[in-house]
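Colleague: Can you build the whole structure from these sequences, using the hints too?
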Amino acid sequence: MNSSFYSLPQFSRRFIPIWKRNFMVWKKMAGASVLGHLADPVIYMLGLGYGLGGMLPQINGMPYIAFLAAGTVCYSTMNSASFEALYSGFARMHQQRTWEAILNTPVTLDDIVFSEIVWAASKSLLSGVAVLVVVWVLGLSHSPLSLWIIPLSLLVGLCFASVGLIMTALAPGYDFFMYYFTLVITPMVLLCGVFFPVEQLPQALQTISSILPLTHAISLARPLMNNVVPGQFLWHIGVLLAYALTGFYVSLVLFRRRLSQ
Amino acid sequence: MNAVLSARKLRKCYGDHVVVDGLDLSIRRGECFGLLGPNGAGKTTTLRLMLGLIAPDQGELRLFEYDVPERARPARMRVGVVPQFDNLDPDFTVAENLLVYGRYFGISDAKIEAKLPGLLEFAGLTGKRDAKVPILSGGMKRRLTLARALVNDPEVIFLDEPTTGLDPQARHLIWQRLRELTARGKTLVLTTHFMEEAERLCHRLAVMDNGRIISSGSPRELIAQNIEPQVVEVFGEMAATWAQSNAIQHAQRFEVSGESVFCYVDDAQPLLHELLQHPELRYLHRPANMEDVFLKLTGREMRD
Numbered sequence: 001m002n003s004s005f006y007s008l009p010q011f012s013r014r015f016i017p018i019w020k021r022n023f024m025v026w027k028k029m030a031g032a033s034v035l036g037h038l039a040d041p042v043i044y045m046l047g048l049g050y051g052l053g054g055m056l057p058q059i060n061g062m063p064y065i066a067f068l069a070a071g072t073v074c075y076s077t078m079n080s081a082s083f084e085a086l087y088s089g090f091a092r093m094h095q096q097r098t099w100e101a102i103l104n105t106p107v108t109l110d111d112i113v114f115s116e117i118v119w120a121a122s123k124s125l126l127s128g129v130a131v132l133v134v135v136w137v138l139g140l141s142h143s144p145l146s147l148w149i150i151p152l153s154l155l156v157g158l159c160f161a162s163v164g165l166i167m168t169a170l171a172p173g174y175d176f177f178m179y180y181f182t183l184v185i186t187p188m189v190l191l192c193g194v195f196f197p198v199e200q201l202p203q204a205l206q207t208i209s210s211i212l213p214l215t216h217a218i219s220l221a222r223p224l225m226n227n228v229v230p231g232q233f234l235w236h237i238g239v240l241l242a243y244a245l246t247g248f249y250v251s252l253v254l255f256r257r258r259l260s261q
Numbered sequence: 001m002n003a004v005l006s007a008r009k010l011r012k013c014y015g016d017h018v019v020v021d022g023l024d025l026s027i028r029r030g031e032c033f034g035l036l037g038p039n040g041a042g043k044t045t046t047l048r049l050m051l052g053l054i055a056p057d058q059g060e061l062r063l064f065e066y067d068v069p070e071r072a073r074p075a076r077m078r079v080g081v082v083p084q085f086d087n088l089d090p091d092f093t094v095a096e097n098l099l100v101y102g103r104y105f106g107i108s109d110a111k112i113e114a115k116l117p118g119l120l121e122f123a124g125l126t127g128k129r130d131a132k133v134p135i136l137s138g139g140m141k142r143r144l145t146l147a148r149a150l151v152n153d154p155e156v157i158f159l160d161e162p163t164t165g166l167d168p169q170a171r172h173l174i175w176q177r178l179r180e181l182t183a184r185g186k187t188l189v190l191t192t193h194f195m196e197e198a199e200r201l202c203h204r205l206a207v208m209d210n211g212r213i214i215s216s217g218s219p220r221e222l223i224a225q226n227i228e229p230q231v232v233e234v235f236g237e238m239a240a241t242w243a244q245s246n247a248i249q250h251a252q253r254f255e256v257s258g259e260s261v262f263c264y265v266d267d268a269q270p271l272l273h274e275l276l277q278h279p280e281l282r283y284l285h286r287p288a289n290m291e292d293v294f295l296k297l298t299g300r301e302m303r304d
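The listed protein sequences derive, respectively, from chains X and U.
Quick note on numbering: the numbering used here labels position 242 of the first sequence as 242, and the sequence is numbered without any gaps.
Quick note on numbering: the numbering used here labels position 67 of the second sequence as 67, and the sequence is numbered without any gaps.
Heads up, a few of these hints could be off.
[Unchecked claim] Once the Cα atoms are required to be at most 27 Å apart in a straight line, the calculated DSSO-like pairs of lysine-lysine come out as:
hint : chain 1 : residue 1 : chain 2 : residue 2
1    : X       : K20       : U       : K132
2    : U       : K111      : X       : K20
3    : U       : K128      : X       : K28
4    : U       : K132      : X       : K28
5    : U       : K115      : U       : K132
6    : X       : K20       : U       : K296
7    : U       : K115      : X       : K27
8    : U       : K132      : X       : K27
9    : U       : K186      : U       : K128
10   : U       : K115      : X       : K20
11   : U       : K296      : U       : K9
[As the list claims (entries may be wrong)] Distance ranges between label pairs, derived from CB positions:
hint : chain 1 : residue 1 : chain 2 : residue 2 : range
12   : U       : K132      : X       : Y179      : 44 to 52 Å
13   : X       : Y179      : U       : P90       : 21 to 29 Å
14   : X       : T207      : U       : R8        : 57 to 65 Å
15   : U       : G185      : X       : P172      : 38 to 46 Å
16   : U       : G138      : X       : F23       : 24 to 32 Å
17   : X       : P187      : U       : D109      : 42 to 50 Å
18   : U       : G138      : X       : S260      : 27 to 35 Å
19   : X       : Q232      : U       : I135      : 54 to 62 Å
20   : X       : L245      : U       : D57       : 27 to 35 Å
21   : U       : A3        : X       : F233      : 28 to 36 Å
22   : X       : P172      : U       : Q244      : 49 to 57 Å
23   : U       : D130      : X       : G36       : 26 to 34 Å
[As the list claims (entries may be wrong)] If we take Cβ atoms under 10 Å as the criterion, some of the chain X residues that face chain U in the derived model are:
hint : residue
24   : R14
25   : I18
26   : K20
27   : R21
28   : P57
29   : I59
30   : N79
31   : R97
32   : N104
33   : S260
34   : Q261
Because the hints were derived from the structure by calculation, they are not lab data.
Predicted model, so just to flag it, every value in this text is computed and none were measured.
Where a beta carbon is used, it is the ideal one built from N, C-alpha and C, also for glycine.
Modeller: Dropping the structure here:
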């Protein structure tokens, strides 16, 4: 096999025009996109937060809806990056042959994959900010530290975009992504403390939960919403970064193999 | 010699399948060079190797002064590509497609903006500046792809089957534009399986089959080297039977294909005289062309 598949990524500033291209496409339907980023979390938070929350006692000293807000931020940013990296990324790579067009210019595959990750993370950033605005408007958090949610959204986006691109690199078609959402994303939502504290789970599931990236994202977001500096924050950031870097490298190797055929 | 591109003993395999098998070629500045071959001959793979998009298993390749694929990035700064399949951005207008593509070369928006009218005029799309790509016809899309390939003012333009799928009007317009480009001193490298295209446009041709170049030269040289100058095509139910008994006496070579017989001759007169005795057979007498060469070199069997 070709050893150049495994060489380390080479970065250049040429990823920026690709990011701008995606932004230009996004701008054409920005209204629908922003509405989606706002409506989805609002519906969740209001429905579950007030509906279910009304029957629940406080969790860790906060009302259920405030507890849910931190989970929703992470859940939304994860989803934004995942959908972008899988469905939209696959469309650009395969269906529209956008990558093929770009590869005929001085831009390399390394630049393209990096731009996909940065772009998907940008969508996460937008999504995170949208939820945060809702949280502030609803008065669920008055924490100055909650501003740290903004860079956190970017980090969560980098993490899930990189991991998601592994699926994109392996996918024969769009149907393949159902496996990822059904077998990875949905269980993650239930295991990582979006809707209820992880401590409610049996010990075995708690162990699984502790290695999943969403758990670490929520471990950072929830204290920040409550104006508390998260415990072991370097560790949580490190895990998210490790997922991002590993996902980037593995997906890049897989894309190099796929596009050399 | 003033070569913009040279390949030596280039080899590329996918698994056990040798797609490009010891390719040697050299392309001169300012010429239109055609790679001919049936489907699966290795033309597109050769183009991808030339652009540094895939790495050869063996051999050397130089584009301008750069070793490819190692230094493909600076080499690709100076080339334009018209791909076989449409990959325009469907979300963008005609002008936006050119703008966005120019940015990949690091060209400033102002510079691309200044170039736009010229590019649109060349592509015959001046009135379609703000039209979205999905509403363009096949010919317009192909012309836009050609304009897009010129956005960086390339020295060499690679075209992978540039007129496949176009109607004759659209095809002739593309040919005219390609001739204008060679007149401006651009080097063109194109793949095709339209012999008429190859004969009209290309200064030099290489016929590929099974990953090898089996013959190369100018269209006239290829015809002169490979085939008798005159062709008499004979049609009719009895043509094959007639050929076995009669054509063999007057033709250097003949081929039967269904109810047609292709007779290849140096002098057609004796054969035409003989055909006068057979009013039940229709015939066409013409000079030999690239299609005859191509079929002789690559055979008449179907390819996939």
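Colleague: Taking the numbered hints from earlier one at a time, note which ones the structure violates and give those numbers from smallest to largest.
Modeller: 6, 12, 21, 28, 29, 30
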